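Each protein sequence line maps, in turn, to chains D and H. Letter 9 of the first sequence, counting from 1, is numbered 8 in numbering that gives the first Met the number 0, and no numbers are missing. Letter 60 of the second sequence, counting from 1, is numbered 59 in numbering that gives the first Met the number 0, and no numbers are missing.
Just so you know, the hints here were simulated from the structure itself, not pulled from any lab data. All of these numbers come straight from a predicted model, not from anything done at the bench. Treat the hints with care, as some may be off.
No copy labels: a pair is met if it fits in one copy or bridges any two.
[What the hints assert, rightly or not] Below, a list of computed lysine-lysine pairs in the DSS-like style, where the Cα atoms sit at most 30 Å apart:
#: 1; residue 1: Lys31; residue 2: Lys154
#: 2; residue 1: Lys107; residue 2: Lys2
#: 3; residue 1: Lys107; residue 2: Lys37
Number of protein chains: 2
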Amino acid sequence: MIKVAITDDHLLVMQGIESMLQFESSIKITGKYSSAEKTLEALSEEQPDVLLLDINLPDINGIDLCKQLLGLYPELKIIALSSHDDTNFVKRILKNGASGYLLKNTSKEELLEAFETVLSDGQYLQPNIQQKLLNQSLGTQKRNTLKPKLTRREKEVLAAICEEMTTQEIAEQLFISPKTVETHRMNLISKLGARNSVGLVKIAIEQELLKD
Amino acid sequence: MIKVAITDDHLLVMQGIESMLQFESSIKITGKYSSAEKTLEALSEEQPDVLLLDINLPDINGIDLCKQLLGLYPELKIIALSSHDDTNFVKRILKNGASGYLLKNTSKEELLEAFETVLSDGQYLQPNIQQKLLNQSLGTQKRNTLKPKLTRREKEVLAAICEEMTTQEIAEQLFISPKTVETHRMNLISKLGARNSVGLVKIAIEQELLKD
DNA sequence: CTATTTCTCAGGGAAAACCCTGAGTTTTTT
DNA sequence: AAAAAACTCAGGGTTTTCCCTGAGAAATAG
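Model the full assembly from the supplied sequences, consistent with the hints where possible.
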């Protein structure tokens, strides 16, 4: 008997999973939580074998919650649930200890297979996501997924530029010299291939560079 | 007996709705479609009274599908389903004929109420979304309230600014003096309430000021 | 511990953007 | 035809951004 818990703020998804698994005698749903807080609270009482965890939670970032939970309960297997198949996202959450990644268009069969895989210490990814990750690591990708890596400071400066702040204001906000802000701005323009700050903002919005 | 169909590429959501409504004798789910294409195909055979339509479909933009369906079947009531509560998004889909908007964290009671409301030619919005829209229209928001009217030239200049062009370049492209371009830029900043060109671009993207 | 990356800062100059005022011309609306 | 709105341009000044070089300190990765 596998004990499964679900954390998702979408009732429909919760219902969907429950309905899918209701006639599976090997599965028992031991908990349904609609927020990170409730999950933490409930797991302090009793831990399931597997937690299906929605990434887009209202209160906390799903990745942080994942990290936190695994720190508390190293035996717990977490399968990330998401609507998006962004590979960078997948990589991030897997790096933070999740054992699997499922899109919400999954099937009962896939769910069951995922449970088995992660409980025998494997890692379960949906085939198409696996393919994508593979392509990415092989460089077989088209062009668009060239998501440049920005450093912490660069992200902060970029965010401030997007807020229509001037170099002077950014410097004061970050407690650094205006010259340093300029350096970051120039590095950003160079890294992102923009011609000026306007291009920076466009790229930041398009590629969602500031999310997380 | 209300005939309800669902279009959503997430099996879990589909299952969730079905499971929620399975014991409602007044509701009959007449179709479940995982893509826009399948929906169009199926509705050409038989139309439901209400269609629960996920906005984020793989093949077509949900808003376009909504418009298309209502062109074909004016009697059809469409309730948009989404994970996001972006008010601009809500406004857009309602303008395109949808009768309701529900987040995926809805409940059975709300679903049933939504069905009733839209079938009696009303418009159903979740209370919190309604509140948000209200606040927005009351000017409780920063700059999103008014849709500023831009002149032909202003749109051209704005578009060029968004292309990362300098005043000099824009002047050459439009065969006008750089001074004139500056004037337009200043008028834009003033009209749109931006602090600089970066703000201009952000607003242009957010509010789709350059579409037509 | 070492190598690499990131973060920090500066000088100095060119270019672009920002901001005001004022004003004639053309186009559109009434 | 008159009024309003949009388009045009300029003078003249301030502020900000852009761009280069160079370089030490701190944090991170191997």
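Flag every earlier hint the structure violates by its number, smallest first. 1
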